[in-house]
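Those sequence lines, one after another, are chains A and B.
The first sequence begins at 1 in the numbering used here and counts up by one.
The second sequence begins at 1001 in the numbering used here and counts up by one.
Hint data in this document are derived by calculation from the structure and do not stem from the laboratory.
Each residue gets a CB set at the ideal place from its N, CA and C atoms; glycine is no exception.
Just so you know, not all the hints are guaranteed correct.
As the list claims (entries may be wrong) - Covered stretches of chain A (in silico footprint by chain B; criterion: 3 or more residues with CB under 8 Å from a CB of chain B, positions within the stretch not fixed):
(1) 177-187
(2) 192-200
Said to hold, decoys possible - Computed far set for chain B versus chain A, every beta-carbon distance over 12 Å:
(3) 1015
(4) 1070
(5) 1104
(6) 1126
(7) 1230
(8) 1250
As the list claims (entries may be wrong) - Calculated from the model, a selection of chain B residues having no Cβ within reach of chain A, i.e. all distances over 12 Å:
(9) 1040
(10) 1200
(11) 1201
(12) 1237
Residue strings, one per chain:
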Amino acid sequence: MSDVFLQFTQQLINGLTLGSIYALIAIGYTMVYGIIGMINFAHGEIYMIGAYISVIVIAALGLIGITTLPLVLMITLLATILVTSAYGWTVERIAYRPLRGGNRLVPLISAIGMSIFLQNYIQLSQGARDVATQPLISGGWQFGDADGFQIYLSYMQVIIAVVTVIFMTLLTLFIHKTRMGRASRAVSEDRKMANLLGINTDQVISMTFVIGAALAAVAGLLVGMYYGVVNAYIGFLAGLKAFTAAVLGGIGSIPGAMLGGLLLGITESFTSAYLSTEYKDVVAFGLLVLVLLVRPTGLLGKPDIEKV
Amino acid sequence: MDKLLEVSDLSMQFGGLRAVDQVAFEVGSKQIVAVIGPNGAGKTTLFNCISGFYSPTGGRVEMAGEEITGRPSHKIARKGLVRTFQNIRLFKSMTVIENLMVAQHTRVNSRLLSGLFKSRNYRRREQEALERAHYWLERVGLLEFANREAGNLAYGQQRRLEIARCMVLEPKLLLLDEPAAGLNPKETSELDQLILGLREENNLSILLIEHDMKLVMGISDHIVVLDQGMPIAAGTPDEIRSNERVIKAYLGES
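The shape of chain B in the complex, shown without the other chains:
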């Protein structure tokens, strides 16, 4: 198995608080890895460190053998590591299709004037971007809402649109921060299928934070458990299910 993402001894300190403490794990290609842990365990902070929103105070992050620790997030995104957010961050007053087009901004062409005069190259790339957007809208089942304002979509649809917006960037690794939060059971099982489909059909690796244990246990190859910033366990879903430290962290000591 090739390593796609390698996180070693990653730490993040805010004043006297160690929000992330010496966390280490790997994500291989076509692997689904989940990070779980009680609220405040440092999961989102870990994501912020990996995706360049925070500059970690210690440790390394490597993407496909190249160090990306503390690089600006848009550069990390260009290396093929893209993320979603716990609170959805779509451009809510723009249409669904525009959200996907704007994500491909840098691909279309970066020259200002060619946009005004619609050069042939510009139109061709714009066309390609449009086709990619169409493809992904169909994949996440939002094609019929293409011209609707993103802010008017139902919550579950907004979640799927956010994933589609990541996918038009054609990442190698997708970071999902609580993708099932606020979804009903039917939507969650659709999400389940979507994530597995991304792995099978698009050779994507996925790192996710999730509280929905049914989803996590059902799709993950590997699980990392954090508690108070520290990794307390790691392993397959079966190993985690029977791990005593994990049960204690979740249920408290009796």
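Here chain A stands alone, though its shape is the one from the complex:
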């Protein structure tokens, strides 16, 4: 096989890995927007906290002598999701719910405040330096000629893809097949009407924040294991990118967030490889501008129907 094709495949693999992470985080933005029409700027920080918690849990498990890999992964996944969801729930409860019903700008400012608070809270409690972990899972497969270009597919990349697909499937099933999922679709379409039908809209909104935080926790865990380094600032850029992915796919649309995330990841990876690493953000955000010019509602977004 030609080197050109092999390199293309390698970039596609890298792009999909990165895109999976973006997609997981983007869902939190898109679901919250879909339900209360607000951008949760603290969501990137929730993802960062998820990464920290996973690192702490893995270290703690190592200390008490649990080293069986599948067991460590299961416990870390569950603990990270649980604790991070609690953060997501609390943020909504104390920073957004008391402001509901007021001006749309007010919770937005509160979200920015929450984001700054969480960043500093982690710096204070965990230290401002990078925290490095030893890789739990290393190695991978190599394909291609020994003397030409070789594709490297790490085990971690496969895990990221598989875990992302599993959680996306679970989310889709939840939204379309369960009673609470049905209620959340109703609330996002017409909150007042849903309330009139006796749906506890506050509960549905809380649930949305919890689901968003849980998926961000999964993303944080995967990133912590993939790169092996976390710090208090990773939430900012990742949050910005995931938000871009959500807007690209059509904010409010869950399949849109998935598509937007993957598209953004692939774009970045190809730009880095074929153009220049410095230009990857330029091209990624340029793509956003281009899509919005042609389709202001994003790729899969629906135009806002005027509510009377």
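Based on the hints, put chain B in the right spot on chain A.
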């Protein structure tokens, strides 16, 4: 005749405007009462006050002997008073059957986890809700569209679906805000039959706002006429037809 709904001296004031001024009437069980009046007479405001969308500035609303004035609308709905809207408010991107299922949300089970794990109780209630939804889709003639997106239905079908969505809540009193608006004559006569059927077969009382005089005169037991927020006449269709104040309000003074 038992009183189901009793409205007494109900008023609603917006700043200097009295949109509803001392309106009083009753709806008995299995009775069809219509509220008519020119545009801007305060009919929808009256509905909003009764169904809890507005908190009235004066007067009382009683449902089956219990005061419900100014209570939140979902609590009033649970007392058996459910309404439709002048501009249809369905969940347009959800399917027809989902619209009826989501209306029964609180009945199925309110615990989050039992939904995830599909407990036996949850499945049984979900099954009951599904059967009720089926029954009502058949009654309003929409069973074949059960899996269609509600927003893709024809206008008249959306109106009927909105009524079905109210009916799965098994109300005692249904408030219909201009149910015939935008319907063609054939659809209107189907609606006519549906409303009468609801009264006969489901022991429902109905309070409606309507401009279609043929429909109103044909099915109402009692008519209340509003003009500029004030009740100017009340009585049977025959009494209203010959009432001079009503004719003046509609045609203007000559």
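Quick rundown of the hints versus the structure:
Taking a C-beta to C-beta cut-off of 8 Å, the stretch 177-187 of chain A contributes 7 residues in contact with chain B, enough for the three needed, and the coverage statement holds. Check result for the stretch 192-200 of chain A against chain B: holds, 8 residues qualifying (beta carbon to beta carbon below 8 Å, three or more required). Interface exclusion of residue 1015 (chain B) from chain A stands, the closest Cβ pair being 21 Å apart, more than 12 Å. With a least CB separation of 15 Å from chain A, residue 1070 (chain B) remains clear of the 12 Å interface cut-off, as annotated.
At roughly 8 Å from the closest C-beta of chain A, the C-beta of residue 1104 (chain B) falls inside 12 Å, breaking its exclusion from the interface. Non-interface status of residue 1126 (chain B) relative to chain A is broken: a Cβ of that chain comes within 12 Å, the nearest being about 7 Å off. Distance check on residue 1230 (chain B): its Cβ is at least 27 Å (rounded) from any Cβ of chain A, clearing the 12 Å threshold; non-interface status holds. Look at residue 1250 (chain B): its CB is around 26 Å from the nearest CB on chain A, clear of 12 Å, so calling it non-interface holds up.
At roughly 17 Å from the closest C-beta of chain A, the C-beta of residue 1040 (chain B) stays outside 12 Å, upholding its exclusion from the interface. Under the 12 Å C-beta cut-off, the non-interface status given to residue 1200 (chain B) relative to chain A holds; the minimum distance is some 26 Å. Taking the minimum C-beta to C-beta distance to chain A, about 23 Å, the non-interface status of residue 1201 (chain B) holds against the 12 Å cut. The claim that residue 1237 (chain B) lies off the interface holds: its Cβ sits roughly 31 Å from the closest Cβ of chain A, which is beyond the 12 Å cut-off.
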